[in-house]
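Participant: Go ahead and model the full structure; you've got the sequences and the hints to work with.
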Amino acid sequence: MKSQSNSTAAREMICIACPLGCHLTVRQEKEEEISVTGNKCARGKEYGREEYLAPKRMVTCTCPTGSERFPRVPVRTVEAIPRELIDELLQELYRTRVPLPVTRGDILVRDFRGTGVDVIATMSLEEG
1 MKSQSNSTAA
11 REMICIACPL
21 GCHLTVRQEK
31 EEEISVTGNK
41 CARGKEYGRE
51 EYLAPKRMVT
61 CTCPTGSERF
71 PRVPVRTVEA
81 IPRELIDELL
91 QELYRTRVPL
101 PVTRGDILVR
111 DFRGTGVDVI
121 ATMSLEEG
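Note that our numbering has the sequence shown beginning at 1, numbered continuously upward.
To be clear, the hints were calculated from the coordinates, so they are not data collected in a lab.
All values derive from a computational prediction rather than experimental measurement.
The beta-carbon is built from N, C-alpha and C at its ideal position, and this holds for glycine as well.
Treat the hints loosely; a few may be bogus.
[To be verified] Below 30 Å or equal to it, Euclidean Cα-Cα: the simulated DSSO-like pairs (lysine-lysine) are: (1) Lys56 / Lys40; (2) Lys56 / Lys30; (3) Lys30 / Lys40.
[Said to hold, decoys possible] Pair by pair, the computed Cβ-Cβ distance ranges are: (4) Lys30 / Arg104: 41 to 49 Å; (5) Thr122 / Thr25: 29 to 37 Å; (6) Thr122 / Ile16: 43 to 51 Å; (7) Val78 / Ala54: 35 to 43 Å; (8) Gln91 / His23: 15 to 23 Å; (9) Pro101 / Glu79: 21 to 29 Å; (10) Glu46 / Asp87: 23 to 31 Å; (11) Glu33 / Glu68: 29 to 37 Å; (12) Arg43 / Arg76: 29 to 37 Å; (13) Thr25 / Arg95: 38 to 46 Å; (14) Thr115 / Pro71: 26 to 34 Å.
Facilitator: Here it is in structure tokens:
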């Protein structure tokens with residue numbers, strides 16, 4: 001009798017690491033061994049592995065300023081954050097009032113929840 005494989009069900013995904021959009025198949029062969037197929041570049045293999053184990057996303061939104069002329073300022077994370085923290089980050093950003101003037105690149109939230117990820121302004125706005 002053949003022994004059962006330890007592999008789990010495969011997950012299908014489309015890679016977004018480069019413009020090719022490869023169709024990846026990712027499965028966990030053993031506890032620490034992840035198999036990625038369908039990738040045409042090394043970035044696809046890394047993307048598939050990360051997406052399977054701990055998916056992360058870049059976050060963009062706008063924060064209130066209190067200014068009538070410029071009521072909101074666009075912001076973004078400098079790196080991707082764990083997907084499970086996105087709702088919490090958005091709630092904090094929607095409550096964060098950014099005083100003007102603000103310069104593109106200013107750090108508005110530093111090291112969100114110990115992730116090492118900052119949130120920066122993506123546009124310079126003057127008072128007025």
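Participant: Checked against the structure, which of the hints given earlier come out wrong?
Facilitator: 6, 7, 8, 11 and 12
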